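Enquirer: Use the sequences and the hints to build the structure in full.
Protein sequences appear in the order of chains A and B.
Under the working numbering, read the first sequence as residues 216 to 1058, first letter to last.
Under the working numbering, read the second sequence as residues 114 to 391, first letter to last.
A hint or two may mislead.
Said to hold, decoys possible - Calculated pairs, BS3-like style, for lysine-lysine (alpha carbon to alpha carbon, straight line, at most 25 Å):
id : chain 1 : residue 1 : chain 2 : residue 2
1  : B       : LYS205    : A       : LYS1048
2  : A       : LYS895    : A       : LYS795
3  : B       : LYS203    : A       : LYS1056
4  : B       : LYS205    : A       : LYS975
5  : A       : LYS358    : A       : LYS322
6  : B       : LYS203    : A       : LYS975
7  : A       : LYS1048   : B       : LYS203
8  : A       : LYS1056   : B       : LYS205
9  : B       : LYS206    : A       : LYS975
10 : A       : LYS975    : B       : LYS244
11 : B       : LYS206    : A       : LYS1056
12 : B       : LYS244    : B       : LYS264
13 : B       : LYS206    : A       : LYS1048
14 : A       : LYS421    : A       : LYS875
Claimed, not checked - Partner residues are not named here, just some residues of chain B that face chain A (Cβ under 7 Å, in silico):
id : residue
15 : HIS179
16 : LEU184
17 : ASP185
18 : LYS205
19 : THR208
20 : ARG211
21 : ARG212
22 : PHE217
23 : PHE219
24 : LEU225
25 : THR227
26 : PRO237
27 : ASP239
28 : ILE240
29 : GLY242
Stated by the list, open to error - Quick look at which bits of chain A chain B covers, simulated, 3 or more residues with Cβ under 8 Å:
id : stretch
30 : 685-698
31 : 970-980
Bear in mind the hints are in silico, worked out from the structure with no lab data behind them.
A quick note: this is a predicted structure, and the numbers were derived from the prediction, not measured.
Note that CB positions come from ideal geometry on N, CA and C, so glycine has one too.
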Amino acid sequence: MFRTALRNVLAHKARLLMTVLAVMLGVAFVSGTLVFTSTLSDALQNTARKGFDNVDVAIQRGGSDRADGAPGARPALDQKLLETAAHLPGAASATGTVSGFTAIADKHGTMIGDGFSTLGGNYSPGPNGTDARYPMRSGTAPKGPHEIALDAHTADRGGYKVGDTVRISVDGPVREQKLTGVFTTDDARVGAGGSLALFDTATAQKLFAAPGRFEEIDIKAAPGTSQAALKDAVEKVLPQGTEATTGRQLADEQAKMIAQSMDGMKTGLLGFAAVALFVGIFIIANTFTMLVAQRTKELALLRAVGASRRQITRSVLTEAFVVGAVAAVTGLLAGIGIGAALRSLMNATGAKVPDGPLVISPSTILIALVVGIVVTVLAAWLPGRRAAKIPPVAAMNSVHATATTKSLVVRNIIGALFAGAGTAAVLVATGMSDGKVTMGAGAALLLIGVFVLTPLLSRPLIALASPVLRLFGISGTLARQNAVRNPRRTAATASALMIGLTLITGLTVIAGSVQQGIDKMATSALKADYVVSMATRSPLSPDVAQKLAAVDGVTASSPLRNSPSRIGADTEYLTGVNGKDFGRLTQLDFTEGALGTLDGDRAVVDASLAKFKGWHVGSRLPVTFEDGKKGTLTIGGIYQGNQVIRGIILDNGTLAPHQKHATDMQVMVKTAHGATPEAKDSLVKALGKNPAITVADKKDVSNAIAQTFTLMLNMVYGLLAMAVIVAVLGVINTLAMSVFERSQEIGMLRAIGLDRRGIKRMVRLESLVISLFGGVLGIGLGVFLGWAAGELVSGSLPTYELVMPWGRMAVFLAVAALVGVLAALWPARRAAKLNMLQAIKAE
Amino acid sequence: MTTTHSGVTFAGRSTAVAARATDLSKVYGQGETQVVALDAVSVDFRQAQFTAIMGPSGSGKSTLMHCMAGLDAISGGSAKIGDIELTGLKDKKLTQLRRDKIGFVFQAFNLLPTLTALENITLPMDIAGRKPDRAWLERVVETVGLSGRLKHRPSQLSGGQQQRVAVARALASRPEIIFADEPTGNLDSRSGAEVLGFLRNSVRELGQTVVMVTHDPVAASYADRVIFLADGRIVDDMPDPSADMVLERMLGFSGGGNTSGSAARPRTPGLDATGRVN
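Expert: Next comes the structure, spelled out in structure tokens:
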């Protein structure tokens, strides 16, 4: 039987082409993702490891409360500890490091890099007078408060040479530094496209920590001393609240972190690959159903001469296996190509990807092959079973066995049950406070139900198009009838397109609505004309708020100052504001109490926090400030929080005495004449045209929110495009098969006088009708699911409001139509070129 | 020469020519594999006459019909429908010619399964975008006896009924000539006789011109004239044939040994020949 199956595959090469392509695309997507992420992950991990070459043991502030900034004395990593460490037995040298955010302007004043990884650090010369981490390419190390060195990539991007003056900003004020050197580095963050500026140690300490303090001390072992032995030695001199870690451990930790962050990306991409493969299943199932139908006589003959049902099924599945294997292998090769291409593409767009070999792990190969073959064989399973049910007597019948209406009735009942239950679950979920699971299950049920019902829906929905189709004369009429001729096939073809469009439309609806909601919330609560913040959302120096308050025309201003505190057992962040101006800068919606005058121990709290804690107006909160002193806050009002303003808000006058090193997250500014270019100009000028600081009016805030959503949507569109491409293959496949099956009819039509144009038009219109059918279903379902998911969101986003993306929806429908037209190109040409005589004579 | 049907007296034989082949040649392939299917055939098909083309397999009878009907290209000579020369016509013009001037009845696959019987009958006119002549359509439908079945789809009709729909379609647009290619090849003898009867009636009563290719002597006996082809040449022309005469002539071919007779074996004459020959 295997030989029969193989012969069949070879005999139907052309008809299996689209199936192979569809599986191949899915597999290529999967293996491309795997190759790309593991290559990237490996390369990043390698560079990360290289970064720890000079570190055998590192001393850092203690593990548990290292990051949360809770109040209490900070353990000191000072010069004394550095020297002690350097002279430990087994230590060759010790380096103290500090680092922090440092924005670097290019010659036009705009910041270099995207802000995610714009760093500053200290150049710490070892015994030989150089810092092994940062070999100088040109110039010398920075010395004194006014000098700086830049990494080579950043210097090139900014067009800076040794001797130039570079404008930088650490926490607000602009500093002008002389560039003394350009260095190279293995730092993974620089390798990934970040920038790094180096100061001498004293300057860096002042900027990023406190004079004489380090954030980390790295110790290099003397030759012959193991990292573990050195760690033991270090641990004997560790002050309270600090810990020692070996370089290998740190490297492993970082490698693990990189792998984890890659995993997120990988899962996301594989999710989209799964959608593409799922769409492919419809095409495979369709193809094998058609092949089985066309071979009814042949299969019946096999049964008549003694093949068992199981043998028939197995022969169809063997065919699927061969097809799947071919597709998986070509897909894997294409995927490897995609992986390699993606890397160079990312390099070309500026996001630097560290060099490294292309990683094709055995698991990638295995997964690609298994996915391709399993998907194909699974999709061919039902057609295979159907093939086995062909009675031997069918070999003698001239009429091909047609699907009975009974099976469609069963199908419709099942579909209606699924769709009904799904719709009900989705509707119920919209009324629940936590309906995510119900909604997800309902959406899945509904989708399955609609898949099952598509054959039933095809007739009435396509009938709706008949008035338009009639305009195209007989070609239109024939196209409509051909489209509903085999409802299962039409349904499977349209479903493939439906899936992609459902996802695309649903996400567009949700994203658009949520964006509007967030936008409204952020801007409606804001009376300030401008919000000033660091481009990277890192803290501003209080200096900025002072400078802004002093600008001519500024009528009110307030920083949003962050300070950790402890209330009861929990760490809570307090937000200090200018109590005098706060009311003029915001328009908060108070559910209880009022803003009143913020001063003394009076504070206002956002509603969700108050609800969570059970606080009310008049509640008195015992608070431990960041310097460890205790006090009490009284709640004067409870407001609706939003993206910008939330948490516990009190007057800066109350907070200031407890803060040694105040930092502001944002500064809100109101000007006399509202948001005008002149006002913005004077604010920017007052800040010394700082490259790292953005002065945003309400529109900028909206745009920034919109931009995030647009970026996300565009990425999703790009990834879902794959599913649509696979769907196009499906439409081509179905049409080509239909043209092949109907070649006699087409020959007859040509003979009695339908010209080539008419034939082409007939095929094209059929394609258009099927595609639009899938498009309408997909868009409809997408809107429904988008609306339902939005109802869930609206619980946590009070300003949420359904926004129908009419323009986008029209575009999606146009895309569906385009899919139809494009997919019909080749089948229509084929149909028009059919040799009439052979078509009529063909048996 | 004008070829309007109106006013023609059907009782008499018209002498006008509906289609004419002059030195018509058809050659397939090239060089050593070259096959001459038609070798300078000249023949006239007169108006309002039922002509049968007979011959053993490979004699070129189907090729002659295909070339005359504009379904296949001609290698040499000339083929005319009415006064229109087919040689040199582009596909578009040929298609229009087939649509407007020619009717077809094939052995099988005559009807579109998605259309009703009536829609199938009016299909050529729908393609042309013309309105069918109501009165004529009714007459045709009545003649072929399909009045009660117009809303049926082909799958709901018997094989004989399907062929009658095909005959009605060929007649409905009043073509100058109808070509029928083994129209009874897939039918049982009863249904076959019915279809042949309708074709003959269309000639007698409606003044239609019909050219039919067949290898069945009984079918040929319905015609006014039988042309015999062998090896791409016309070897005989028999007016007012009977089944026995045709059979005798056919047996003469196979006996003559210049063609392999097996493929051209006619139906057993004893079963259905008697009584049907007029």
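Enquirer: It remains to establish, for every hint, whether it holds in the given structure.
Expert: Each hint tested on the structure:
no. : hint                 : verdict
1   : B:LYS205 / A:LYS1048 : holds, 13 Å
2   : A:LYS895 / A:LYS795  : holds, 23 Å
3   : B:LYS203 / A:LYS1056 : holds, 23 Å
4   : B:LYS205 / A:LYS975  : holds, 14 Å
5   : A:LYS358 / A:LYS322  : holds, 23 Å
6   : B:LYS203 / A:LYS975  : holds, 18 Å
7   : A:LYS1048 / B:LYS203 : holds, 14 Å
8   : A:LYS1056 / B:LYS205 : holds, 22 Å
9   : B:LYS206 / A:LYS975  : holds, 17 Å
10  : A:LYS975 / B:LYS244  : holds, 23 Å
11  : B:LYS206 / A:LYS1056 : holds, 23 Å
12  : B:LYS244 / B:LYS264  : holds, 19 Å
13  : B:LYS206 / A:LYS1048 : holds, 16 Å
14  : A:LYS421 / A:LYS875  : holds, 14 Å
15  : HIS179               : holds, 6 Å
16  : LEU184               : holds, 6 Å
17  : ASP185               : holds, 6 Å
18  : LYS205               : holds, 6 Å
19  : THR208               : holds, 4 Å
20  : ARG211               : holds, 5 Å
21  : ARG212               : holds, 2 Å
22  : PHE217               : holds, 5 Å
23  : PHE219               : holds, 6 Å
24  : LEU225               : holds, 6 Å
25  : THR227               : holds, 4 Å
26  : PRO237               : holds, 5 Å
27  : ASP239               : holds, 4 Å
28  : ILE240               : holds, 5 Å
29  : GLY242               : holds, 6 Å
30  : 685-698              : holds (count 6)
31  : 970-980              : holds (count 3)
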